[in-house]
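Participant: Got chain A sorted already, so can you dock chain B onto it with the hints?
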Amino acid sequence: MPLLAVLLLAAGTYAFRLAGPALGHRFTLSDRLRHLLAVAAAVLLVALVATGALTQGHGFAGWARPAGVLVAGLLALRRAPFPVVVVAGAATTAVLRLCGVA
Amino acid sequence: MRSLLRTLDRATLRDIALVCVADALVGASFGAISVSGGLPLWLPIAMSVLVFAGGAQFAAVGVILSGGGALAAVATGLVLNARLLPFGFTVADVLDGPRWRRLLGAQLMTDESVAFALLQPDRRRRRAAFWLCGLALFTVWNIAVVVGAAAGGLIGDTDALGLDAAFPAVLLALVLPSLTDPRTRAAALAGAAVAVAATPYLPAGLPVLLALLGLLLAGRGPAAPAAVGSSAAAAAVGSSPAAATEGVH
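Chains as they are written, first to last, in my numbering: chain A, 4 to 105; chain B, 893 to 1141.
If you are wondering where the hints come from, they were derived from the structure by calculation, not from laboratory data.
Think of the CB as a built atom: it goes at the ideal place given N, C-alpha and C, for glycine as much as any other residue.
Worth double-checking, as some hints may not be accurate.
Cβ-Cβ distance ranges computed for the label pairs, FRET-style [as the list claims (entries may be wrong)]:
#, chain 1, residue 1, chain 2, residue 2, range
1, A, L6, B, P1074, 36 to 44 Å
2, A, R29, B, L963, 41 to 49 Å
3, A, H61, B, A1052, 17 to 25 Å
4, B, L1108, A, R81, 26 to 34 Å
Covered by chain A, according to a simulated footprint, are these stretches of chain B (three or more residues, beta-carbon under 8 Å) [unchecked claim]:
#, region
5, 932–942
6, 969–977
7, 990–1000
8, 1050–1056
9, 1071–1080
The following block holds chain B by itself, in its conformation from the complex:
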């Protein structure tokens, strides 16, 4: 850990620390919203350790809390996490070495750890940024979820505190940076319209999956060719450098 700290410059360390603080708040609200919504204490905690992907965790719990089935929750989370697939190919060079390190490092892959890795100028620092950010976030995130879940049992009326607005607010802050691309925006808005329109008629959880129809407007490739290549993952969902320092995972 100490050599990781020495490898990186002060600005990067500060940004990683800021992301940890932001994610601690998100993790605490995830735990609180889950438990105060009626889910058992172990569920948000187990999810945070095993799934370790904030957006998908919020999405899956959101589907469940709005009355959807477990299958719809899993499907929503998986489609959301499919973005990790290209991330993995982008940072594959960072996760070399012994097998255990690849297996462990894969679990630490998040929007943030990938974004920080890609910001570094050389491979040694890319590796240091990935591991430091990944390990720090994993620790902070899971502690925060436990604290939030414990507190969630104590909060009586979460609607009076506006906590039901916190969940869409978190996701909105997460997705905004990726909506600068006009075709992504068109696909997302069309999908959202479909989902809202379908909500009165379909079982909970399905309308959000139906939003994927918006992908028909996605176009055949990235609008800006410059986004392809080494920075492709950073240009993908919510992982611009700016988003990483404000980020959620």
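The following block holds chain A by itself, in its conformation from the complex:
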């Protein structure tokens, strides 16, 4: 990832951040747009979770990784503290690999 890409992402992100404080008193966002942006972020995150958990390159990532993510997800649902969620997910995957699960 070249420096230019980082700068592009940073500039675009900053523009999103500044728009409200800079223009907030002149116009407001419609509820429809707010809703769409919130759902878009959720859709992307879930897609990243799914592809990140299940795929490696163009193929299946093996069982150990999705199992770890599943454990993390269950703990998150049960409102476990965030560090516990992440460490338990990684540890599950690590232990499964140690036991020979790919």
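Facilitator: Showing chain B alone in chain A's frame:
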């Protein structure tokens, strides 16, 4: 800083501190995963200072590490960060005053700082919560990323440690609170199915963007009308009060 601390009650200060601890772990894992995945040391550090949005940073690096192009990485990060646009309109009253303060405060806008601001009963405390949380997170996050990136160079086999599962686990914990809305959930699951199904056939990075097709199921507005208005940003992605105290940004 001291007057910011005095303005807020103890419970809020404790919650902000907890979020800082959680984000330090996320930042350290971001640095470690980036560098151990083969990216140069400066990249996660520069990203953390300049982009300062954990979800987008993980997403962009994830696209790169899975073999995607820089353009796909930037596009994914930008779509993810588009949620900051409504946040900015929601906390605009907190970021008033001299121009430099607005310019600086904008960079400190995250899921967490917005969520903490919206939890406060009046404007003075909203402002204090936003700045304290924003400044604390910016400091903690960037130090943690540097430490993690330095450590990442030392870790040999990250797969043996299960670190490849940590990245989707972080994002899952981040997104779960926003999936209580049934239409958001339907859109997200449909999008994820599209992305996974497309992965064998498309260049890396594109399947995740293709998931946005799931937005066709998003409906025309929020399912719960109560979510509109002053708490709209808090009801958006991952920023319910509960999520803020467990949160990631």
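Participant: Tell me, which hint numbers fail for this structure?
Facilitator: 2
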